[in-house]
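Let chain X serve as the given structure and place chain S on it in line with the hints.
Line by line, the protein sequences are chains X and S. Take the first sequence: its letters are residues 622 to 910, numbered as in the numbering used here. Take the second sequence: its letters are residues 622 to 910, numbered as in the numbering used here.
A portion of the hints provided could be inaccurate.
Identical copies look the same in the list; a pair holds intra-copy or inter-copy alike.
[To be verified] Taking lysine to any residue pairs in the SDA-like style, the calculated list, with each CA pair at most 25 Å apart, reads:
| id | residue 1 | residue 2 |
| --- | --- | --- |
| 1 | Lys662 | Gln623 |
| 2 | Lys760 | Thr848 |
| 3 | Lys662 | Ile631 |
| 4 | Lys662 | Pro633 |
| 5 | Lys760 | Ser720 |
| 6 | Lys728 | Asp638 |
FYI, nobody ran anything at the bench for these hints, they're computed from the structure. A quick note: this is a predicted structure, and the numbers were derived from the prediction, not measured.
There are 2 protein chains.
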Amino acid sequence: MQIAMIQDEILPLSELDSIYLDRGTYFGDGVYEVVRSYDGKVFALDEHLARLGRSLSEIGITGVDIDEIRRRVEQAYEAAGIDNAKVYFHITRGSQLRSHAGGRDLKPNFFLTVTELADDRVQKEQGIAVCTYPDWRWKRCDIKSLNLLPNVLARMEAERRGCAEAILVDEGGFITEAAGSAFFAIFEGRKLVTRPLGPELLASITRRFVMELVPEVGLTVAEEAMTPAEAQSADELFIAVTTRDVVPVVQFDGAGIGTGRPGRYTKALIEAFREFVVSFDCAQDKRNS
Amino acid sequence: MQIAMIQDEILPLSELDSIYLDRGTYFGDGVYEVVRSYDGKVFALDEHLARLGRSLSEIGITGVDIDEIRRRVEQAYEAAGIDNAKVYFHITRGSQLRSHAGGRDLKPNFFLTVTELADDRVQKEQGIAVCTYPDWRWKRCDIKSLNLLPNVLARMEAERRGCAEAILVDEGGFITEAAGSAFFAIFEGRKLVTRPLGPELLASITRRFVMELVPEVGLTVAEEAMTPAEAQSADELFIAVTTRDVVPVVQFDGAGIGTGRPGRYTKALIEAFREFVVSFDCAQDKRNS
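Excised from the complex, chain X in its bound form:
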């Protein structure tokens, strides 16, 4: 008889809950998104759903209705009733007995959580420390997939070194992005540098919004790869991520950045982002009208 075993418990395979056969667990065969709400409104859901659609398409998961996903996210957010919430959701190719090439005509699995966002005020006011780690990830980091073990290993090592984020460095010695966020440096008083998009990094939505705000605060953008040594010599550093938008980086591999306090452009961007969020829905409505 074919059987399954969960910890110490043996049961017939036919009685196993299909969640145990999720290709998400067997292979990381799925993609995900994280959105947040600001003061009772989910922010930039359309942008995240567009990226989800692209991720699904790149790995060939078909039959997912993005409007249905939107409806679920909105319904779940409403049910939770949390003003500043983190909404995580993933879609896997489905459940079946383990087989690499299986996965055709399966019903995709959807899973979502709505949780309280951690308070980020201290991080925003004081800045965070980061440290570098080799970028061991796969060659399609433009796909937001569930294959995140290298990110986990980088982040765990960063935490052991007392850092809040790991900065990933490719084999050529250049920074790609952070383990769970986009990475930016400001040089010579006004040039904002970040790596150009490509298969080696995620098209971060917060990154895109930051780039839109850059002229407002008097910076110019240069999309270039930089080395850790160059990053250490920057006037200011920051990361950008959905859950916390812009977070100053004040220490890089043990070296203080600038004055050791969040820099003025970073603070201006945090402020600009706050305003951007408030005006976002109106702007969206105008664009759509």
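Same frame as chain X, but now just chain S:
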């Protein structure tokens, strides 16, 4: 209230089964093994458990008693009572609300299945077709982790092209290994070539056994990287994998290999492997005594 949603169903997060919070699904934060039985005996379990121990250690999952895992595998195999079975098992870092750097002091999750092995006689007698695919995997393929999406994509594309396995090719244009097996070529009548071990491929246990058998069939081993063009010019090709041991490859990217039928050395290795399996337990007992 923090909530979860599974497909269309909303429930309080506190009522969610912990399997939904498995870091194996969120991040592929776990490792696995596959062993098989031949005629009622699990083969080479010690070797697989040793590799599992190394994989766990490399990603820092602690607190797993390998002897306890051995006991579970043996107990489950016994309960299933399948002569020629495939035993899959994985261990993940545990379950918790999603957090990259979490995962300390969690209780690891163990999951196992025992299933019937597919009949491989036709594949062994007629050989299989394979085709190449870019190796998009991460930089630590020596760790047998659950981050297998690139392997899935390669295998799905191979199947679309009517092939039973995908041969992964690195950025330098050299073959690393196959999506789910080790890869070998025989040149100039007697030289067996396979890629040397390193972080870019798995230390396959079947590969190791094949190498031990090679002198018996009159071959010499050269551990070298080869290109797809070189592989196409080989006298014989085969893959090696736990579930099917040695399987001849008779077509590579559409080109016939040798006579288009399994070659004589490959057939000799299949036979030698069969004898090796039969004598394995005795040899093991002798070694241990």
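| request: If the cutoff is 25 Å on CA atoms, where do Lys760 and Ser720 land: within, between, both or neither? Let me know, please. | output: Classified as both; 23 Å inside a copy, 23 Å across copies.
| Is it within, between, both or neither when you check Lys760 against Thr848 at 25 Å Cα-Cα? | both (19 Å within a copy, 20 Å between copies)
| Is it within, between, both or neither when you check Lys728 against Asp638 at 25 Å Cα-Cα? | For Lys728 and Asp638, the Cα distance is within 25 Å both inside one copy (15 Å) and across copies (21 Å).
| Is the C-alpha distance from Lys662 to Ile631 at most 25 Å within one copy, between copies, in both cases, or in neither? | Only across copies: Lys662 and Ile631 sit 19 Å apart there, 46 Å inside one copy, limit 25 Å.
| task | Go through the copies and call it for Lys662 and Gln623: within, between, both or neither, with a Cα cutoff of 25 Å. | result | between (48 Å within a copy, 16 Å between copies)
| request: First find the shortest C-alpha distance between Lys662 and Pro633 inside one copy, then the shortest across copies, and answer within, between, both or neither for a cut-off of 25 Å. | output: between (46 Å within a copy, 21 Å between copies)
In terms of the numbered hints stated before, the structure departs from none.
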